[in-house]
Amino acid sequence: LDKVMKGRQPTDLMLRCTVLDSEGNVKTISGQFKKSDMCTEHGLNPRDLRKIDSRVPNLVATILVREQAFLVNILHIRALVKADCVILFDTYGSVDSRLHSVFLYHLEHNLKVKGSTSPYEFRALDSILLSVLSALEAEMVFIRNLVGGLLAELEDDIDHDRFKRLLHYSRRLASFQNRAKLVQQAIDEVLEQDEDLDAMYLTDKKNQKERHDHNELEVLLESFSKQVEEIVTEANNIDANVQSTQEIVELILDSNRNSLLALDLKVSIGTMGIGAGALVAGLFGMNLKSTLEESDYAFLGMTILSAVVAAAVSWAGLRRHVMISLVARA
Amino acid sequence: LDKVMKGRQPTDLMLRCTVLDSEGNVKTISGQFKKSDMCTEHGLNPRDLRKIDSRVPNLVATILVREQAFLVNILHIRALVKADCVILFDTYGSVDSRLHSVFLYHLEHNLKVKGSTSPYEFRALDSILLSVLSALEAEMVFIRNLVGGLLAELEDDIDHDRFKRLLHYSRRLASFQNRAKLVQQAIDEVLEQDEDLDAMYLTDKKNQKERHDHNELEVLLESFSKQVEEIVTEANNIDANVQSTQEIVELILDSNRNSLLALDLKVSIGTMGIGAGALVAGLFGMNLKSTLEESDYAFLGMTILSAVVAAAVSWAGLRRHVMISLVARA
Amino acid sequence: LDKVMKGRQPTDLMLRCTVLDSEGNVKTISGQFKKSDMCTEHGLNPRDLRKIDSRVPNLVATILVREQAFLVNILHIRALVKADCVILFDTYGSVDSRLHSVFLYHLEHNLKVKGSTSPYEFRALDSILLSVLSALEAEMVFIRNLVGGLLAELEDDIDHDRFKRLLHYSRRLASFQNRAKLVQQAIDEVLEQDEDLDAMYLTDKKNQKERHDHNELEVLLESFSKQVEEIVTEANNIDANVQSTQEIVELILDSNRNSLLALDLKVSIGTMGIGAGALVAGLFGMNLKSTLEESDYAFLGMTILSAVVAAAVSWAGLRRHVMISLVARA
Amino acid sequence: LDKVMKGRQPTDLMLRCTVLDSEGNVKTISGQFKKSDMCTEHGLNPRDLRKIDSRVPNLVATILVREQAFLVNILHIRALVKADCVILFDTYGSVDSRLHSVFLYHLEHNLKVKGSTSPYEFRALDSILLSVLSALEAEMVFIRNLVGGLLAELEDDIDHDRFKRLLHYSRRLASFQNRAKLVQQAIDEVLEQDEDLDAMYLTDKKNQKERHDHNELEVLLESFSKQVEEIVTEANNIDANVQSTQEIVELILDSNRNSLLALDLKVSIGTMGIGAGALVAGLFGMNLKSTLEESDYAFLGMTILSAVVAAAVSWAGLRRHVMISLVARA
Amino acid sequence: LDKVMKGRQPTDLMLRCTVLDSEGNVKTISGQFKKSDMCTEHGLNPRDLRKIDSRVPNLVATILVREQAFLVNILHIRALVKADCVILFDTYGSVDSRLHSVFLYHLEHNLKVKGSTSPYEFRALDSILLSVLSALEAEMVFIRNLVGGLLAELEDDIDHDRFKRLLHYSRRLASFQNRAKLVQQAIDEVLEQDEDLDAMYLTDKKNQKERHDHNELEVLLESFSKQVEEIVTEANNIDANVQSTQEIVELILDSNRNSLLALDLKVSIGTMGIGAGALVAGLFGMNLKSTLEESDYAFLGMTILSAVVAAAVSWAGLRRHVMISLVARA
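Chains as they are written, first to last, in our numbering: chain A, 1 to 330; chain B, 1 to 330; chain C, 1 to 330; chain D, 1 to 330; chain E, 1 to 330.
These aren't lab readings, by the way, just hints derived from the structure by calculation. It is possible that part of the hints are untrue.
[Unchecked claim] Derived lysine to aspartate or glutamate pairs resembling EDC-like cross-links, with alpha carbons at most 16 Å apart: (1) A:Lys205 to A:Glu108; (2) B:Lys226 to C:Glu250; (3) B:Lys226 to B:Glu189; (4) C:Lys164 to B:Glu155; (5) B:Lys226 to B:Asp188; (6) D:Lys226 to E:Glu189; (7) E:Lys164 to D:Asp84; (8) A:Lys112 to A:Glu23; (9) A:Lys164 to E:Glu153; (10) E:Lys181 to E:Glu153; (11) D:Lys164 to C:Glu189; (12) B:Lys181 to A:Asp157; (13) B:Lys164 to A:Glu153; (14) A:Lys164 to E:Glu247; (15) D:Lys164 to C:Glu250; (16) B:Lys164 to A:Glu247; (17) D:Lys206 to D:Asp126; (18) E:Lys112 to E:Asp84; (19) C:Lys181 to B:Asp37; (20) A:Lys206 to A:Asp84; (21) B:Lys164 to A:Glu67; (22) A:Lys164 to E:Asp156; (23) C:Lys164 to B:Glu137; (24) A:Lys206 to A:Glu67; (25) D:Lys209 to D:Asp198; (26) C:Lys226 to D:Asp156; (27) D:Lys181 to C:Glu250; (28) B:Lys164 to A:Asp157.
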């Protein structure tokens, strides 16, 4: 606990960042910066950097709007966007370096575009949100295939290993759903606050233009919000599918169990009938005379006959059982 | 992932559209248009066309209001409505061509009406929403019959194949519920924003009339919203029915299982009793004298007797079992 | 599908209505009126009559406020209320004619009251809402008794037929809950919109009095809203009871099953024990000498003994089983 | 149905009330008053008295603010508070007379306090809400103990009677949760409406003081709202405990059932093995020579041996079974 | 009940508090103060101290803003913050004294900081919220490890004791989730009310500065709110994991049960077959001649043979059973 509280003291003073300048060129790659310098330089509160700095991955996505910059902290991206530069913070153990380099390439390209009508900061935001969207979509497609395949398998054959896989997939799905919802929430939170939208026109603020119409930014954010909503909706659909499949599989298992029990009951009844016959036979049988006593082959024949009867009865029962199982798995 | 990001570059520049002019006549059928031309001509942002252009079916329905037009993207319809023309975008692999031609016929007819009090764009919107509503209603009736029939069958006879069908139907129902809800949401979103409602009076805007009363549009949209709500409500009802049927079927299966087990237990007890008798008989039986030893027909009689006893006991047990099954399925 | 779309054309031009004049007297009973005439006469949009006209029962309740009238479409009542007349639309196959005649009697009586402080239209609305409330209450009492009785029975004896009844009752309950909620929602929707409340003072509008205080109407609607809320709350309570009973019944069934299995296991163990004894006996038994071989009554005695042992063991087992069943159903 | 509608006619004209005057003294105990007189005297609408008058207990709690008074109708308390008197309506068959007399004592005492800064009506309201809170708290403690004890028992020993008690308790809990929520909702509804808060300063209104600051009342109501919220939260916690216990108990029952079945299977296998041995023995056994045939004690010994074997095998099986049951109940 | 009502009388007049002065020094440790003195000194209403005073732990977290102070009552912390002093109320039986002393150390340190831009009261609030956050985080980590470990165990081996632990853990998780949500709610409630935010600038109020910009406080509270949201989100994730694991474990148990039953059925069928054979053998067997009758070793051989057959059949069956169990637990 001490550690938790002390960990909040500014002990980790350095941050690793990649900086892009106003032309869209990468100025520094993974350079080390002092946290306190960053705060003074970009007009930030040390509290703002707390989350970016933390080693644990963030669940809750945030877009924080400050005086001269806004901080985007969504999924794998932790960025500080200003009117003339973009600072990307390195996440510790960032998993997907390919995702990151595609993002960086796209960001550079987008920032270099000349004669664009969008200001610098919106082009950066566009790239960031596009990268987030791509990551979400890629994961969604992956999970959809995984889960879809498993559910199709489960329809054909209910078995034990598949349930374990289902458990892992549905955990993963739940965590994905959650992340996607939090991304949408973060975007919608900004959309709902007019002051924040205004404050994000950093270039205009720098040039001391007054603005009251934030249509462009709204359209940009709304468009992404809708696309993330699409992903959230699809994830919810997959989840609903998993749920209903689980419920139906349980019903099928129950119904199969009843079939098994019904057959078992028939077998028990048969066994009891045979047992009753055997009791009667036992009481009288062997002291009675039959004409077979003197036959030499009678013993051999009887042995074979009883083996055949045992086998035939078992075979008939098992065939029935196999058919039920086939139906159950069909 | 590269593909995802590159796929967003304007590589697919052509869109296939059907255009209706201000008289309601079809000017072009499935003509090809450049995406960039469309944007300039109709004052759109390339981002607006992203969703319309995409090959995947859209889950989230949207009505986007822009300067000189509004974009409707609901279910099978992707349309751009202006004050003097309607552009229908072809959806790739549009499933129900009949639905589409009925819609086109109705739209033409509606736009040609002379002396209507409604402006051009609202008549177009009315046709579009009516087509959406018809599609929803048709699907709802279809699903209601499908599910209703299956639930009635399940009440009479619980079996395994029906559960599989139930799974497929309830997935379909869930997806339908979802789509209907998203349509209602899209309409309500427009209804909630007064600016959007104002901006949809395209003819007035074109003629540079000022408007502040958007009563007509509100009534139009509210009417459709209510009708979609009716469909959503009914879909929810069907869903609730499916849920409660599943729960009760599970209880019935459980209760049947207990009956089967109770009978099985009785049979087991009977078998044990018979076994105990057989043990006693086995210990003493055959070395005791009975007056039957010398009878010639005793052996034959005993064989028949034990067969009859076995058959009688089995038959009594099975009859009981059959009756339970009948009750269980009644 | 064509039909759906054509069905929306004004093909059914006639409506059957009962009209009450400004004195509260019934002017026409089930008279036929042209739809288009009605629209012009009462300043309605044809779209407003769509729902009233439809043959299918409406799920979603609505109160539509128009220029000179308001349309109430709740449960069995479809009425157009003006400042000086009330038009009741006949619903096709209206189920409960008694309910209707009580309503009509009450409405007439209420409209005839002289010197009331309430304007004409509010007295009509009061009667309408009262009839709706009575219908809801009557149904609620009916369902409560039905479900309450069944749940009490289920506590005493869990059986299969009761589950089927439970299924039907809970479907009915769900549909009732839904209808009641939609009625409350319709009333609350009007309450939330000040313009609608203002616009419902039809008499004042007719006399061209300006109004800004809609206290009386608010109190009237709030009072009904609260009473419907009471019904919704009670329906929810019943539903919660059904849910928890289902859950507990499932637990009881599970627990009984375990008891049955435990007893079955004991029986199986006993049978195995006896079987093992029989095997030993079978190996040696009959070739051993006992002093009973020569006794004449030994065979008869042994037959009786084994029958008694079989019966005693079975009886002991079954008694145990019966006791478990009794406990299970107690 | 007629009755329902007629029951709403002013047939029950008398109300039984207890009246406290401006000094806090009880003026009348259970006096009879005409309903119509009350309405005129206190400026009420007959509709306002409908709920108070009704014989059925109210589920939905309400605080109605009128011109010169407010009506409180929460749980066991139905009161009309004015600037200079409090009228308590007798509830038919009011269950807990002790609760009532404590309330009356506290109310009298509170109203008599001299020199209080709070106006008369707030002191009355304070007493009323305090009594409501006490009743809720008392019931909550009672239910918590009841349910807590049962859940602890269920952890130790899962049995059938406990499930029935659980059913009754969880119904009671659900109804309590519901009531508590409705009380909180009634308080919050008043808190949300500034006009109502203003209108409740009855003394100031009587003295024709204008008021715009309703801080005191807000703090009073908020404080009670928070305390009711605390109760609601705890009731929800208990409910969640019941839910998770039910789920886990079901898992435990399932898991025990599997153990029972696994043991049963082993027994069945053993029985089959023994049966196979017996078949072989049956085919050959008794016609073979053993050296025991001539021994006089062999028969007795064999009888004892087979009894011992049967007992030993059964004992071994049962011991295993008992151990599983012990584990299952531990 | 009397007690409840009397318990609300001001009988417990003393409160134990720790006081820190404007320099951040501890002035009094666990000193006794009169409740009425405190109210007069700090301008509080006796009602405000009710919750702080109560011996039961509070579930609902609150931040109450008053004239010259605000009261924070969250989890283990009950504090009164003024512009120049902080009063910490001792909670009876405060569990974690270590947590408390770390908090006190941090608070002292934070209040002593010279030249801070934040006013005194915000530095106190920061320390308080930080301590709350640490406590939540510590508990979250603890529960996550507990539950995570158990779920991993359950995947490998489903057993009975683990379910009991799961029950305890999930109760604890639910209570934790609840507490965390209530903390977030308390912070958000303050954030939503601009007046409260204004009123919390105690130093400015004392110096009679007017303020209308409460940016600093908003950023402080939002930052904590986000961090608590993160914790709530993670707790929800864990809960979802528990839920899906329970569901899947139930499916696995069901599926295993079906496997057991299927094998059991096979064994029963085998037993019936053998029984049928034994019946035939019983009818004829022993009176037939075989060539083995005269062999001296035949008896011994047959005994051994039947033992071997019994053992072999049992062994084959059990091996199958063991394999199923292994699969089931794998």
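Evaluation of the provided hints:
| no. | hint | verdict |
| --- | --- | --- |
| 1 | A:Lys205 to A:Glu108 | violated, 23 Å |
| 2 | B:Lys226 to C:Glu250 | violated, 40 Å |
| 3 | B:Lys226 to B:Glu189 | holds, 14 Å |
| 4 | C:Lys164 to B:Glu155 | holds, 8 Å |
| 5 | B:Lys226 to B:Asp188 | holds, 10 Å |
| 6 | D:Lys226 to E:Glu189 | holds, 12 Å |
| 7 | E:Lys164 to D:Asp84 | violated, 60 Å |
| 8 | A:Lys112 to A:Glu23 | holds, 6 Å |
| 9 | A:Lys164 to E:Glu153 | holds, 13 Å |
| 10 | E:Lys181 to E:Glu153 | violated, 29 Å |
| 11 | D:Lys164 to C:Glu189 | violated, 42 Å |
| 12 | B:Lys181 to A:Asp157 | violated, 34 Å |
| 13 | B:Lys164 to A:Glu153 | holds, 13 Å |
| 14 | A:Lys164 to E:Glu247 | holds, 11 Å |
| 15 | D:Lys164 to C:Glu250 | holds, 11 Å |
| 16 | B:Lys164 to A:Glu247 | holds, 11 Å |
| 17 | D:Lys206 to D:Asp126 | violated, 20 Å |
| 18 | E:Lys112 to E:Asp84 | holds, 12 Å |
| 19 | C:Lys181 to B:Asp37 | violated, 51 Å |
| 20 | A:Lys206 to A:Asp84 | holds, 10 Å |
| 21 | B:Lys164 to A:Glu67 | violated, 59 Å |
| 22 | A:Lys164 to E:Asp156 | holds, 10 Å |
| 23 | C:Lys164 to B:Glu137 | violated, 30 Å |
| 24 | A:Lys206 to A:Glu67 | holds, 10 Å |
| 25 | D:Lys209 to D:Asp198 | holds, 11 Å |
| 26 | C:Lys226 to D:Asp156 | violated, 45 Å |
| 27 | D:Lys181 to C:Glu250 | violated, 29 Å |
| 28 | B:Lys164 to A:Asp157 | holds, 12 Å |
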